[in-house]
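Student: Got chain F; can you put chain X on it based on the hints?
Protein sequences, first through last, are from chains F and X. Under the UniProt record's numbering, the very last position in the first sequence is 775; numbers go up by exactly one each time. Under the UniProt record's numbering, the very last position in the second sequence is 775; numbers go up by exactly one each time.
It is possible that some hints are incorrect.
For chains that are exact copies, the list does not tell them apart, and a pair is met inside one copy or across any two.
With a straight-line cut-off of 27 Å between C-alpha atoms, the simulated BS3-like cross-links for lysine-lysine are [as the list claims (entries may be wrong)]:
{"#": "1", "residue 1": "219", "residue 2": "583"}
{"#": "2", "residue 1": "356", "residue 2": "316"}
{"#": "3", "residue 1": "219", "residue 2": "356"}
{"#": "4", "residue 1": "316", "residue 2": "128"}
{"#": "5", "residue 1": "561", "residue 2": "219"}
{"#": "6", "residue 1": "316", "residue 2": "297"}
{"#": "7", "residue 1": "128", "residue 2": "361"}
{"#": "8", "residue 1": "128", "residue 2": "675"}
{"#": "9", "residue 1": "333", "residue 2": "361"}
{"#": "10", "residue 1": "289", "residue 2": "675"}
{"#": "11", "residue 1": "219", "residue 2": "289"}
{"#": "12", "residue 1": "356", "residue 2": "675"}
{"#": "13", "residue 1": "333", "residue 2": "125"}
{"#": "14", "residue 1": "219", "residue 2": "316"}
{"#": "15", "residue 1": "676", "residue 2": "452"}
{"#": "16", "residue 1": "632", "residue 2": "219"}
{"#": "17", "residue 1": "128", "residue 2": "632"}
The hints are simulated quantities; they were obtained by calculation from the structure and are not laboratory data.
Number of protein chains: 2
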Amino acid sequence: MPGAGRAAGVRRLRPQPSEEPPAQEEDQNLLLAAAYVSDAQYNRNVPFETSPRAIRLYYFYNHWTMQVAIYFFICVDLSLALFEEPALFPLPFLATSLAEVLCLTAFFGRLVHFAKVTPQMVFWKDTKNICIMVTIVLTLIDLIIYGSLEAVNVHSVRWSRALRPVFLINFPESRQIRRTFRSIRNTLPDILYVFLLFMFSVLMFSLMALKLFGDRGLKTVEGLPYFTNILDIVFELYVLVTTANSPDVMMPAYNFNWWYCLYFITYTIINTYIFMSVFLAVVYNNYRKHLKNEIRKLAYLKRHKMIEAFNILKVKVGTEFVVMEAQWRRLAKVVAPHISSPHLELLLRISDEGQKGHVDKVNFLRLADLLNIQVVTINIRRHPLEDWMPRVYRSSASLLVQRMVQHRIFVWVYDVIILINAIFIALDERNPFISYAEWLFLSLYIIEILLKLYTYEPRAYFGRRQFWNWFDTLIIIAALVATVANTTIQSARKYNSQQILDIVLILRILRLLRIIVSIQRFRVIVTTLINIGPTILTFGGLVLVVYYVFAIIGMEAFHGKVRFSDPNFTSPDALVCGNPALKDSAFARDRYCKNNFNDLASSFIVLMELTVVNQWHILAGGFALVTHQAAKLYFIGFHIVVVILIVNIFIAFILEAFFVAYSLEKSEVETAIEKKIQELGVGIQEEEMQDGKLVDNVDAKDSGFSGDDGDNKRKDLKGLYFRIASKKYRTVDALLQQMFESEIAPEEEGPSLDEILNFSPGDLYPKNPNFENSA
Amino acid sequence: MPGAGRAAGVRRLRPQPSEEPPAQEEDQNLLLAAAYVSDAQYNRNVPFETSPRAIRLYYFYNHWTMQVAIYFFICVDLSLALFEEPALFPLPFLATSLAEVLCLTAFFGRLVHFAKVTPQMVFWKDTKNICIMVTIVLTLIDLIIYGSLEAVNVHSVRWSRALRPVFLINFPESRQIRRTFRSIRNTLPDILYVFLLFMFSVLMFSLMALKLFGDRGLKTVEGLPYFTNILDIVFELYVLVTTANSPDVMMPAYNFNWWYCLYFITYTIINTYIFMSVFLAVVYNNYRKHLKNEIRKLAYLKRHKMIEAFNILKVKVGTEFVVMEAQWRRLAKVVAPHISSPHLELLLRISDEGQKGHVDKVNFLRLADLLNIQVVTINIRRHPLEDWMPRVYRSSASLLVQRMVQHRIFVWVYDVIILINAIFIALDERNPFISYAEWLFLSLYIIEILLKLYTYEPRAYFGRRQFWNWFDTLIIIAALVATVANTTIQSARKYNSQQILDIVLILRILRLLRIIVSIQRFRVIVTTLINIGPTILTFGGLVLVVYYVFAIIGMEAFHGKVRFSDPNFTSPDALVCGNPALKDSAFARDRYCKNNFNDLASSFIVLMELTVVNQWHILAGGFALVTHQAAKLYFIGFHIVVVILIVNIFIAFILEAFFVAYSLEKSEVETAIEKKIQELGVGIQEEEMQDGKLVDNVDAKDSGFSGDDGDNKRKDLKGLYFRIASKKYRTVDALLQQMFESEIAPEEEGPSLDEILNFSPGDLYPKNPNFENSA
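Chain F on its own, in the form it takes in the complex (with noise of 0.2 Å):
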């Protein structure tokens, strides 16, 4: 009986609080509720059970030694592609097989261990479990059909290594690699429609190309005929769709008649342009109705979760229920164990405005927010050098280094010693002169990093989010390093390294890149990019998928048919790419011959140029000639998935991204906090550390500049700043999900947990308008 079971889960899943619990089970209720407000913070969207014994399995699911030892399995999964026939470092099959075995039992593990701390319902109901079981099995299966068929020297296809990103996709670790699948599933409807109308336009346009063109005995450049063929009138305007033979398509029609360019202009703007924007309008249009939803969902399983929290902990007092402030700290401690004790008794006092002792149930319900907020704490340390021999530190020699360091000057002598580090770079290096230039620029660089080292205090130097300071003595440390086992090889062999030689060439010019720093609308860009960063690896993700299965069924397909010998291509063989098929094809003629699915890391770069576009034709041109036309079909069919599909979804991406950055202030849980700080006076102006730009002051302060100005109220907090880390250093989701949870009155309990698992995009239209305009 389904209903009942489902019923008993869900009440499961709300257990009745106990409202004076005894001090035995208090422990348990503790870790019960640290379990919820955990999940509330890490956005974890899948229901637990609540027995003691799984509580704690769950503790240990969520460990991050588990994680981390999952995505190894997977990356070891993956990779074994490159041992595997064909192979880029053979390996026998028994041992690329038992290491897939091993995997396979890893996975395996996971979803038991998952298993037991998730309601049974929910987990048999969820499709990704069923996923990862059903791809295990087939693996299995065909894994044993492969080794019994290769002992009796039978060769057939390894069919189940398409299906090993399944594997990365369906554990719930990578939940946006997931978001963005399911976006596609959900926009290929619509997608499917607008591209049909457009094959429909493509027939139109042949159909009427054959009828123009097919009987004026035109020849192509190559002295081919030209438009005589139906079929191969579809897939030259499919290729010009993607713009990779245009003009070259025209032009004996146009060489023969002006006014047939028009019709191939007619076609451009039609499918080009116009359907081409249009799939991009559909993709965003869906990337956004579904990344809306899926962002409601998980706030109100938030607020859910935190509600469940504050249920098992809550106490009378008076009139309403309450969380003890010890029982509050206890959890905070359980929650996050590294929190610095500073850190959450600014946390509590936040939550605990009064200071009455308790914090009440709207307090309560912020709490995962709270810990959420990247507060930078600042220790407010001397330079070590000051403790170490302060009047040498202090004297007025050392002083004025300081404040030359300091000033804008010593910035500028930099950038003009860069620039013409630059021009030395381009000029010939094998000129003495220039190679002994390379010396002085390294030790200048040298020099000024322990010049800055000297008078910034070396942690607040190397802090978190100091990421070019980081960038900057990371270079120049290998740079030096490159240099020197450079140059001990060349004495000691009188041999240049090449790969070592390179390393240094890219070293130094990357010590170039310092300049964008000093140019502030420049580091802004560069920031705003680096913060998509993040963004742009789940996407990385995505592409890895879908360029995995396209690569294993390419190798499949054409492994072998396309060989790279001779570099110089001088032999005859090799001009034909050792396939006689390609005489005096444009794959050969171009020298494509390295471009083929010999082995896994050819393939991706193959499939990279594809995404690319240009020459696509001649690629698939080339294939198609080996394997007598059908290589067309994966060509065609990898164009539609990744530059239809997955690169609008990119730009989309980005796009939102961007104007999400642009468009969104601070929340009122940061507000919160930031006032508190201001109030305890113990924050630093936010204008002082915008963009990470005026370092120096925070470091001036730090190194005890400001001098102590004998604030009464920060003492209990003693030593230390606060800071909020800057919003832009947050992910698209955060950003929309903060935006979203400001829309939930703070009383609100929100739908039941099945209604949130639930959710479908349509719901969201009529009850948040707010929220759907304003995003």
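Tutor: Showing chain X alone in chain F's frame:
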């Protein structure tokens, strides 16, 4: 004293309304009020003089004949480039210069006319007018210099021709194009910094490429040295950003060493994908910001003008100021002389809800919106045949035919016929059986149209919104005429006219488009596309301006350098495009000789090819060879302007059009009208009319099938049905404006005229957070 003059100007703009105007002034006042309302209705945003003579001139200025005339002269002026050296159709210099002077006179006259109706201060503060005057003077100077030099046989440059688009941009009627230009101008600072950073990145990568690949002695496919010259590298890498030379530029390095492909992949991800997306994001963000500011300005101006009109006409009734019904009627008749009296009656019913004989202020302010809403009035008329021979038309055989035609199966049968027709078209038409079949299909289509005309009322069938009916009929008639003409010529002279045959072919294939109408989902997409059509046309104006300027420059710079002579490329001169410098170049090898700047039409086609981007490095390379590399700057400039700015604006355009179309609801004014229509019982259900799909039902009603239901309320609007034209037919502008207007309180007077005219986008955010977020 500008300050005093300005204050005077403002005072003149706001005449103190005399509360009880003497009879002789009344007509004058009505005209003035009507001018205000008409400005509000058409969103004209220039203040005008209020003296009686100026108002009459203003009416004349806004008359459609004047607008058509000015556009005619703009067209003539722009198309002069077709007849001037280098000409497509050469005309003597005297003829073209006379035509140009004539156009300039017309422009000057229009400007003088405008000066007469506008307050002096406003006229002289407006850069548009200054621009036009300066351009007229410069053109005259250029004409005189060129003419006198020509007289002494010295050839000089007609540089002022590049200024001609100024007239298209700056006349007040091209508001949309001007707005896009303003938006581009405002985007420039933001784009500039991203562009500089992008160029910095390209330079860094170039330096790296020089060091990594320069000394390897690699060769390109053509056997040229690979990546040895820093300028060539920068150009090649810039081309790679456009993807036009991918993967060719990578292949030599990749063939040499596997690892070097990482350099190119990194480059592509950073510069092609990320930077190009950032360009789109910046352009789009600015476009939205400025669009909103302009819309806000328009909305406030509209409100302002309606208040002026109200102040002129108001009389005091009881405690409030109102406009009397008679006055309102006369006003509406002046503003919209072609409005039908039932329609006017409907609007009055809405404005004077209580039928009190006067219209209050809030309702009066809605007048411009009411007039703007397209209410389709449908006359209930019987089929003419029914009047003419009722017995035959109502006979059972005739009714059977009518029912048959209205049936779904009728549509399906014709869909099948179209598909069969498509197959016949694809087959070889020299087969006599197939060419006879063509006549069969043509007659089947004609029968279909006749049957429909028999069943449906002809005036309803050819209603204004019945796009597909018009399309069908025109295509079939044109095909009939062309086929008959072709057959006549063929039988008379045994000769096929190629042009007519081509037209017949195209018409025959366009007929297939009808299949789209049968599929609901397709029709929706096509309707959306047709609706953003006007927006795309505006955009076409923008592209025309940019192309024109670049074409004129290109013609002056590259005229005659590349020549196309022989379509079969048999003579050695034809093989190098008439220029020995092109020997062995990719430009000549790909037979691009016809891609030249020898006349306006060819130039436009080359620019179109450059917009599509593919192979643009070959085009640029060809012209670089014949001009000693200088041409590359022209081509890179074109790429930056058109591909980075204009194409991104186009995408922003389409995205915005889609989003606004998706997200908007009915406006409050429309709801009022609809309510009233329903109340009066003269409405047609919206569902019935959705997408113009069930035209059958409406026609059925029209032809009297639904009978008279004898509704009493309907009596004063007898014989008419109303419905609001679907919101799909509205432009993005109108939708956005409506969105913003709903935020202005009905009583709000808005800021003063001066404030409105000086709005900047920055003001927008604090004041209207909701509006800011809502689009």
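Student: Now look at each hint and say whether the structure bears it out.
Tutor: Verification of the supplied hints:
1. 219 with 583: both (20 Å within a copy, 22 Å between copies)
2. 356 with 316: Within. Shortest intra-copy distance 14 Å satisfies the 27 Å Cα cut-off; inter-copy 63 Å does not.
3. 219 with 356: Close neither inside one copy (90 Å) nor across copies (79 Å); limit 27 Å.
4. 316 with 128: Answer is neither: 42 Å inside a copy and 73 Å across each miss the 27 Å cutoff.
5. 561 with 219: The answer is between: 26 Å across copies meets 27 Å, while 29 Å in one copy does not.
6. 316 with 297: Close neither inside one copy (31 Å) nor across copies (57 Å); limit 27 Å.
7. 128 with 361: neither (35 Å within a copy, 62 Å between copies)
8. 128 with 675: neither (43 Å within a copy, 50 Å between copies)
9. 333 with 361: within (19 Å within a copy, 65 Å between copies)
10. 289 with 675: For residue 289 and residue 675, the Cα distance exceeds 27 Å both inside one copy (35 Å) and across copies (31 Å).
11. 219 with 289: neither (49 Å within a copy, 51 Å between copies)
12. 356 with 675: within (19 Å within a copy, 58 Å between copies)
13. 333 with 125: So residue 333 and residue 125 fail the 27 Å test inside a copy (34 Å) and across (67 Å) alike.
14. 219 with 316: neither (90 Å within a copy, 83 Å between copies)
15. 676 with 452: neither (33 Å within a copy, 77 Å between copies)
16. 632 with 219: within (23 Å within a copy, 31 Å between copies)
17. 128 with 632: Result: close neither inside a copy nor across copies, 33 Å intra and 54 Å inter.
Checked against the numbered hints given earlier, this structure breaks hints 3, 4, 6, 7, 8, 10, 11, 13, 14, 15, 17; the rest are met.
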